[in-house]
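Trainee: So you can see what is in the structure, the chains are spelled out below.
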Amino acid sequence: MIRYVLKRILALIPIFVAVSFVIFSLLQLTPGDPASIVAGTGAPKEAVEQLREEMGLNDPFLVRYFNYLKGIVTKFDLGTSYETKTPVTERILTAFPATLRLALASILFAIVVGLPIGIISATKQYSVLDNTFMVIALIGISLPVFWSGLMLILLFSVKLRWLPSSGFSTIRHLILPGITLGAQSAAMITRMTRSSMLDVIRQDYIRTVRAKGLPELGITFSHVLRNALIPIVTVIGLQFGQLIGGAVLTETIFSIPGIGRLMVQALKTRDYPVILGSVLFISLLFCLTNLVIDVVYAYLDPKIKAQYSRERGKKA
Amino acid sequence: MIAAMFLPQKRQEEKKYSFTRDTLKRLSRNRLAMAGVVILAILILGAVFAPWIAPYDYAEQNIEEAYMSPCLKHPFGTDEFGRDIFSRILLGARLSLVIGFIAVAIAIVVGGLLGAVAGYFQKAVDNVIMRFIDILMSIPQLLLAIAITATLGSSLINLMIAVGVAAIPGYSRIVRASVLSVRDQEFVEAARAVGTSDFKIIMKHILPNCLAPIIVKATLDVAICILSAAGMSFIGIGLQPPSPEWGAMLADARYYIRDFSYMALFPGLCIALTIFSLNVLGDGLRDALDPKLRD
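In order, the protein sequences belong to chains S and B. Position one of the first sequence corresponds to residue 10 (this note's numbering), numbered consecutively onward. Position one of the second sequence corresponds to residue 11 (this note's numbering), numbered consecutively onward.
With the rest of the complex left out, here is chain S:
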């Protein structure tokens, strides 16, 4: 198991190198000369030229990429922000906790709402309840985050005055953004839970446990749900990755000082190192989440673990 995890972590390295290469190339294509931006407007030509030399901008492309990569690996250095002249890493790490809290709140909401509804829908297939839930889930998938967020603000902050519409200091501040961002994931989890459980319910072994006289609740949880869990975990994991990305819009609406808002601000001021550093950082998180899902798989499904040990046996 530990070897499997280690192998997967090692496999992340080439992907990370490649992603950073793509991002770095995009950075090179952006308009504007970094040296004159850092030096500020009206800086003398010699100063800009000296700065170019210091920043290594006169080196060939591959040398610059290598230095960029070396900076990331050795010092976790993603460059310097054009706007604040501070390290990009510092800005990202300051903003990250807010984004993480938002994503956790959303996924928590999505699981707490999505999973039970999916289970109920599956056990009462084609009932009025099931049909209603499915239509609601479809609507949930179709609501644009940046609109449902505004509507929630309108209802709960402006009209009812129950919850704050912006800021990020207390748990109360997390409720509206969490629901906004989590609603779509909740709908996805509901749909996946339902269809995955329906696949299992039709299996022969479920009929067997039922024939043995097990109570319906026990069948649902320890036999149906347990075996239906893999696709559900996949969706939860994928949703978590999507959430970290989708946080960009939610953070903008609710003025949450996270990576998303950092990126949007950077986009407005054309602060390219910050934009691309954030994309790189989030992509790395995204890959790590996928890794965690795969490890959870191996834990949930003995078949996958067995497959892995067979592979190892073959090599040895």
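Quick caveat, the hints were computed from the structure, so don't treat them as lab data. Hints are supplied without guarantee of correctness; some may be wrong.
[Claimed, not checked] Residues from chain S shown here face chain B by an in silico Cβ test under 7 Å; the list is partial:
(1) Ile-291
(2) Leu-294
(3) Cys-296
[Said to hold, decoys possible] Calculated cross-link-like contacts (lysine to aspartate or glutamate; reagent style DMTMM-like; alpha-carbon spacing at most 25 Å):
(4) B:Lys-214 with B:Asp-269
(5) S:Lys-79 with S:Asp-68
(6) S:Lys-133 with S:Asp-213
(7) S:Lys-16 with B:Asp-136
(8) S:Lys-94 with S:Asp-139
(9) S:Lys-168 with B:Asp-262
(10) B:Lys-83 with B:Asp-269
(11) S:Lys-168 with B:Glu-90
(12) S:Lys-16 with B:Asp-144
(13) S:Lys-277 with S:Asp-68
(14) B:Lys-133 with B:Asp-144
(15) B:Lys-210 with B:Asp-269
(16) B:Lys-133 with B:Glu-90
(17) S:Lys-133 with S:Glu-58
(18) S:Lys-133 with B:Asp-194
(19) S:Lys-79 with B:Asp-144
(20) S:Lys-84 with S:Glu-63
(21) S:Lys-133 with S:Asp-208
(22) B:Lys-210 with B:Glu-199
(23) S:Lys-79 with S:Glu-92
(24) S:Lys-277 with B:Asp-136
(25) S:Lys-277 with B:Glu-199
(26) S:Lys-84 with S:Glu-99
(27) B:Lys-214 with B:Asp-194
(28) B:Lys-214 with B:Asp-136
(29) B:Lys-35 with B:Asp-300
(30) S:Lys-54 with S:Asp-42
(31) S:Lys-133 with B:Asp-300
(32) S:Lys-312 with S:Asp-213
(33) S:Lys-168 with B:Asp-269
[What the hints assert, rightly or not] Take a look, some chain S residues computed to stay more than 10 Å from chain B by CB distance:
(34) Arg-17
(35) Glu-62
(36) Asp-139
(37) Gly-176
(38) Gln-251
Remember, it's a predicted structure, so these values are computed and weren't measured experimentally. For glycine and all other residues, C-beta sits at the position ideal for the given N, C-alpha and C.
On the provided structure of chain S, position chain B as indicated by the hints.
Mentor: This is chain B only, laid out in the frame that chain S set:
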């Protein structure tokens, strides 16, 4: 036609109707999907005939009639410059639908070709292409689109490219998988034996086999692309106001949400309706095309 390849000849004669007709018939029995088709048809008609239907010019400002709540004269009200929101939404439908469809077209053509080439030639070519696809997949879709627009600059065409590129991986994988599953079958071997070119084999004999999953994915992806594009306009890097793009309109309306909430209501409702209709249609198509559910 193409779809006839899905069913063996004999069964088709028994049934007396084609795969396409069968699929459409099954789709028409799905009420939710039909609701989607109707909504989508209305939106497309509205978008096509927007300049003739719209009661006002979308950019026409009339300060005297600014901030009017929905009424007979302005069914969706007016914005801060007195522009008629209904007219703007109609024109906005054009933008959103065009962005959605063209972005997905880009993704299908580029992604499909990459997948076909990877699956057909295998080995090194396959490896290089699929690793590239892996890289694209390890960046969240919206973020990739944002990074690309940040680099290219924001314009309608760049927006379509950015959103489209982010959707490429899915198609490459579908096409590659189905190329791999048919490339060694007899009919491909036969085509090769009579000297058909690689290109023609891929286009005429292999690609039609993966049409069904592509149609389903494309329908759902148009929704995702419209959503991404609107989201990007909302945060100010897609189309900028005064463009009547729905996301851009919402971005403007945000500042008036306390007093003139109808300004934010209608553009968002239209996005939601569009996405909803595409989603139910995609779901319906998936069920209609699923051989397991076929009777």
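Trainee: The structure should be examined with respect to each hint, and the outcome stated for every one.
Mentor: Now the hints, each set against the structure:
A distance limit of 7 Å between C-beta atoms decides the matter here; for Ile-291 (chain S) the minimum to chain B is near 6 Å, and the interface restraint holds. For Leu-294 (chain S), the suggested interface contact is broken, since its CB lies about 9 Å from the closest CB of chain B, more than 7 Å. Because the beta carbon of Cys-296 (chain S) sits about 5 Å from the nearest beta carbon in chain B, less than 7 Å, this interface hint is met. Taking the CA atoms of Lys-214 (chain B) and Asp-269 (chain B), the gap is about 59 Å. The hint is violated against a cut of 25 Å.
Taking the CA atoms of Lys-79 (chain S) and Asp-68 (chain S), the gap is about 15 Å. The hint holds against a cut of 25 Å. Taking the CA atoms of Lys-133 (chain S) and Asp-213 (chain S), the gap is about 19 Å. The hint holds against a cut of 25 Å. Proposed proximity of Lys-16 (chain S) and Asp-136 (chain B) is supported: the alpha carbons are some 23 Å apart, at most 25 Å. With a CA separation close to 55 Å, the supplied pair Lys-94 (chain S) and Asp-139 (chain S) exceeds the 25 Å bound.
A distance of roughly 20 Å separates the Cα atoms of Lys-168 (chain S) and Asp-262 (chain B); the hinted pair therefore holds under the 25 Å criterion. Distance restraint check for Lys-83 (chain B) and Asp-269 (chain B): the Cα-Cα separation of roughly 20 Å lies within the 25 Å cut-off, and the hinted pair is therefore satisfied. As the CA atoms of Lys-168 (chain S) and Glu-90 (chain B) are separated by approximately 22 Å, the hinted pair is consistent with the 25 Å bound. This hinted pair checks out: Lys-16 (chain S) and Asp-144 (chain B) have alpha carbons roughly 17 Å apart, not beyond 25 Å.
Between the alpha carbons of Lys-277 (chain S) and Asp-68 (chain S) the distance comes to roughly 29 Å, so the proposed pair goes past 25 Å and is violated. Between Lys-133 (chain B) and Asp-144 (chain B) the CA atoms are separated by roughly 16 Å; this keeps the pair inside 25 Å, and the hint holds. For the hint linking Lys-210 (chain B) to Asp-269 (chain B), the alpha-carbon distance of about 61 Å lies beyond 25 Å, and the restraint is violated. For a cut-off of 25 Å, the pair hint linking Lys-133 (chain B) to Glu-90 (chain B) is broken: about 60 Å separates their Cα positions.
Proximity of Lys-133 (chain S) to Glu-58 (chain S) is assessed by CA-CA distance (about 72 Å); at most 25 Å being required, the pair is judged violated. A hinted pair counts as satisfied when its Cα atoms are at most 25 Å apart, and Lys-133 (chain S) with Asp-194 (chain B) does not qualify at roughly 44 Å. Among the hinted pairs, Lys-79 (chain S) with Asp-144 (chain B) is consistent with the structure: their alpha-carbon atoms are about 23 Å apart, no more than 25 Å. Pair hint Lys-84 (chain S) plus Glu-63 (chain S) holds up; C-alpha atoms about 18 Å apart against a cutoff of 25 Å.
Of the supplied pair hints, the one linking Lys-133 (chain S) and Asp-208 (chain S) holds, its CA atoms being roughly 14 Å apart against a limit of 25 Å. For the suggested pair Lys-210 (chain B) and Glu-199 (chain B), the alpha carbons sit about 13 Å apart, so the restraint of at most 25 Å is met. Taking the CA atoms of Lys-79 (chain S) and Glu-92 (chain S), the gap is near 23 Å; set against the 25 Å cutoff, the hint holds. Distance restraint check for Lys-277 (chain S) and Asp-136 (chain B): the Cα-Cα separation of roughly 39 Å exceeds the 25 Å cut-off, and the hinted pair is therefore not satisfied.
For the hint pairing Lys-277 (chain S) with Glu-199 (chain B), the CA-to-CA distance comes to about 56 Å; that exceeds 25 Å, so the pair is violated. About 12 Å separates the Cα atoms of Lys-84 (chain S) and Glu-99 (chain S), which keeps this hinted pair within 25 Å; it holds. Using a Cα cut-off of 25 Å, the hinted pair Lys-214 (chain B) and Asp-194 (chain B) holds, with the two alpha carbons roughly 15 Å apart. Proposed proximity of Lys-214 (chain B) and Asp-136 (chain B) is supported: the alpha carbons are some 21 Å apart, at most 25 Å.
Between the alpha carbons of Lys-35 (chain B) and Asp-300 (chain B) the distance comes to roughly 13 Å, so the proposed pair stays at or under 25 Å and holds. Only pairs whose Cα atoms come within 25 Å are accepted, and Lys-54 (chain S) paired with Asp-42 (chain S) is accepted, the gap being roughly 13 Å. Taking the CA atoms of Lys-133 (chain S) and Asp-300 (chain B), the gap is near 23 Å; set against the 25 Å cutoff, the hint holds. A threshold of 25 Å between alpha carbons decides the hint, and for Lys-312 (chain S) with Asp-213 (chain S) the separation of about 19 Å falls inside it, so the pair holds.
With a CA separation close to 11 Å, the supplied pair Lys-168 (chain S) and Asp-269 (chain B) stays within the 25 Å bound. The beta carbon of Arg-17 (chain S) sits about 13 Å from the closest Cβ of chain B, which is more than 10 Å, so the claim that it is off the interface holds. No beta-carbon of chain B is positioned within 10 Å of the beta-carbon of Glu-62 (chain S); the least distance is around 25 Å. Chain B leaves Asp-139 (chain S) outside its interface by the beta-carbon criterion, the shortest separation being 13 Å against a cut-off of 10 Å.
Look at Gly-176 (chain S): its CB is around 16 Å from the nearest CB on chain B, clear of 10 Å, so calling it non-interface holds up. The beta carbon of Gln-251 (chain S) sits about 6 Å from the closest Cβ of chain B, which is not more than 10 Å, so the claim that it is off the interface is violated.
Hint violations for this structure: numbers 2, 4, 8, 13, 15, 16, 17, 18, 24, 25, 38, all remaining hints satisfied.
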